[in-house]
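Novice: First residue of the sequence shown? That's 849 in my numbering, and the numbers climb one at a time after it.
Bear in mind the hints are in silico, worked out from the structure with no lab data behind them. Glycine included, every Cβ here is placed at the ideal spot set by N, Cα and C. Take the hints with a grain of salt, since some may be wrong.
[To be verified] Straight-line alpha carbon distances no greater than 27 angstroms define the calculated BS3-like cross-link-like pairs of lysine-lysine that follow:
| hint | residue 1 | residue 2 |
| --- | --- | --- |
| 1 | Lys1141 | Lys1159 |
| 2 | Lys1111 | Lys976 |
| 3 | Lys1141 | Lys1032 |
| 4 | Lys979 | Lys945 |
| 5 | Lys1159 | Lys926 |
| 6 | Lys1014 | Lys926 |
| 7 | Lys979 | Lys1159 |
| 8 | Lys979 | Lys1089 |
| 9 | Lys1111 | Lys1144 |
[To be verified] Distance windows between CB atoms, simulated:
| hint | residue 1 | residue 2 | range |
| --- | --- | --- | --- |
| 10 | Thr1248 | Asp1023 | 54 to 60 angstroms |
| 11 | Ala1018 | Gln1220 | 39 to 45 angstroms |
| 12 | Gln1220 | Pro1167 | 42 to 48 angstroms |
| 13 | Leu1185 | Gln1010 | 35 to 41 angstroms |
| 14 | Arg1086 | Lys1032 | 36 to 42 angstroms |
| 15 | Thr1017 | Lys1159 | 44 to 50 angstroms |
| 16 | Arg1086 | Asp1023 | 39 to 45 angstroms |
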Amino acid sequence: MRRHPRGRFAALFMSVVVVSAVVAGAGAGAAQALTSSEAAPPARPATLPSRPAALPARVDGGTWQSGHLQGMAIDRRKGRMYFSFTNLLVKTDLAGKPLGSVTGFTGHLGDLDFNEEDGRVYGSLEYKAAKAFYIAVFDGDRITRMNMDAASAGVVSTVHLQEVVKDYTADMNGDGVFDGDTAKTPDHRYGCSGIDGVAFGPSFDREGGTKLTVAYGVYAHTGRQDNDNQVLLQYDVRRWKQYERPLTEDAPHTSGPSSPDGKYFAYTGNTTYGVQNLEYDAESGNWLMAVYKGTKPGFPNYSLFVLDGSKRPVWGTVPGQQPSERGQLLPLLPRGLHDTASGVYGWESAGQYGLISLGGGRHYVAEAGTVQVDGVTRQTGRAVLHRWTGLTPNPFAPLTPPVRPVPRTEPVTTERPLKRP
849 MRRHPRGRFA
859 ALFMSVVVVS
869 AVVAGAGAGA
879 AQALTSSEAA
889 PPARPATLPS
899 RPAALPARVD
909 GGTWQSGHLQ
919 GMAIDRRKGR
929 MYFSFTNLLV
939 KTDLAGKPLG
949 SVTGFTGHLG
959 DLDFNEEDGR
969 VYGSLEYKAA
979 KAFYIAVFDG
989 DRITRMNMDA
999 ASAGVVSTVH
1009 LQEVVKDYTA
1019 DMNGDGVFDG
1029 DTAKTPDHRY
1039 GCSGIDGVAF
1049 GPSFDREGGT
1059 KLTVAYGVYA
1069 HTGRQDNDNQ
1079 VLLQYDVRRW
1089 KQYERPLTED
1099 APHTSGPSSP
1109 DGKYFAYTGN
1119 TTYGVQNLEY
1129 DAESGNWLMA
1139 VYKGTKPGFP
1149 NYSLFVLDGS
1159 KRPVWGTVPG
1169 QQPSERGQLL
1179 PLLPRGLHDT
1189 ASGVYGWESA
1199 GQYGLISLGG
1209 GRHYVAEAGT
1219 VQVDGVTRQT
1229 GRAVLHRWTG
1239 LTPNPFAPLT
1249 PPVRPVPRTE
1259 PVTTERPLKR
1269 P
């Protein structure tokens, strides 16, 4: 996820009573051992539970010297949670106990989703300066200790997305110059700033089984009209083993599909960096798109849009494109708040820092913030259980009362500077 105004976060939380008891019972020394790359060798994998673990009201993602919370994923069968903190991946159990982490990313690690079919975690990963955009694929079973290096530990592979590169680097004004990572240019087709939201779900055309859907980041630029759509790509990852390569930040590879299996457009009005968190809700068949609010005065600038899963895409004119362009258009669910001038539907809610659909109308909605630990600002994040009400303006209602923040100090070595939050 992308830049946001300072002060956007509140200094939050930290853990539920169960987590506090675990940490307190273990003692400060044990807590520190969890964060050490010199920890004891990993234990043998435990026997899998016969059914998914019960869902706690909150799962604490920890307190880290890192970028802010970007996304979350859950492996319910094994009782594991994964949190993306921009340049850090954290694995916990459902009590919030850290089980491992992957560090050393100098790019932007964004939204996450868990693939039930292969048991791995998929996330968006950007290297804008290198004009390289990837899906990072994590083998969660091999993440067994803290501070595992992304490049050398053998726990993450990457697949290059050429379609994103083509749109990000598009010379829209024909001057022969790529203007780089900036919104202040007519370049970048559709206003593409890269990728963020990722989610597994059915193909939009209902003909291709389960697909990985990848949403573009979109620059906030109020002076152009071709950036008023959310752009979504779909891929069949069952064929991706041939493309997967280790992460090599000093020599980015280009191994990946030359084109997506489908490219789609949803008219929402311009947002600030596009879909931050994308999630498919199997209960309703709809797709949730959580965004940072846009700034164009001609739109309602909602923070949550929902794609109508009961409708198939239709071919039509993609709004705002010069010259005119036709593509596959996805309709918004006609519920929630409605702006009659633009025709856009949506809601005002959280979810930009993490969103997981759990079935039965339940969702984990992320809360992100900062705490001061020994004079150093550290990032916090947790998943909080909500139910979908569909009410306006906020369709999510927490299932339990909030818990007072309890700071925790378990720093991770993530000292490489970030190019952006």
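Novice: Now, for every hint given, state plainly whether the structure supports it.
Specialist: Checked hints:
{"no.": "1", "hint": "Lys1141 / Lys1159", "in the structure": "25 angstroms, holds"}
{"no.": "2", "hint": "Lys1111 / Lys976", "in the structure": "21 angstroms, holds"}
{"no.": "3", "hint": "Lys1141 / Lys1032", "in the structure": "18 angstroms, holds"}
{"no.": "4", "hint": "Lys979 / Lys945", "in the structure": "36 angstroms, violated"}
{"no.": "5", "hint": "Lys1159 / Lys926", "in the structure": "34 angstroms, violated"}
{"no.": "6", "hint": "Lys1014 / Lys926", "in the structure": "38 angstroms, violated"}
{"no.": "7", "hint": "Lys979 / Lys1159", "in the structure": "35 angstroms, violated"}
{"no.": "8", "hint": "Lys979 / Lys1089", "in the structure": "22 angstroms, holds"}
{"no.": "9", "hint": "Lys1111 / Lys1144", "in the structure": "25 angstroms, holds"}
{"no.": "10", "hint": "Thr1248 / Asp1023: 54 to 60 angstroms", "in the structure": "56 angstroms, holds"}
{"no.": "11", "hint": "Ala1018 / Gln1220: 39 to 45 angstroms", "in the structure": "43 angstroms, holds"}
{"no.": "12", "hint": "Gln1220 / Pro1167: 42 to 48 angstroms", "in the structure": "45 angstroms, holds"}
{"no.": "13", "hint": "Leu1185 / Gln1010: 35 to 41 angstroms", "in the structure": "37 angstroms, holds"}
{"no.": "14", "hint": "Arg1086 / Lys1032: 36 to 42 angstroms", "in the structure": "40 angstroms, holds"}
{"no.": "15", "hint": "Thr1017 / Lys1159: 44 to 50 angstroms", "in the structure": "33 angstroms, violated"}
{"no.": "16", "hint": "Arg1086 / Asp1023: 39 to 45 angstroms", "in the structure": "41 angstroms, holds"}
The earlier numbered hints that this structure contradicts are 4, 5, 6, 7, 15.
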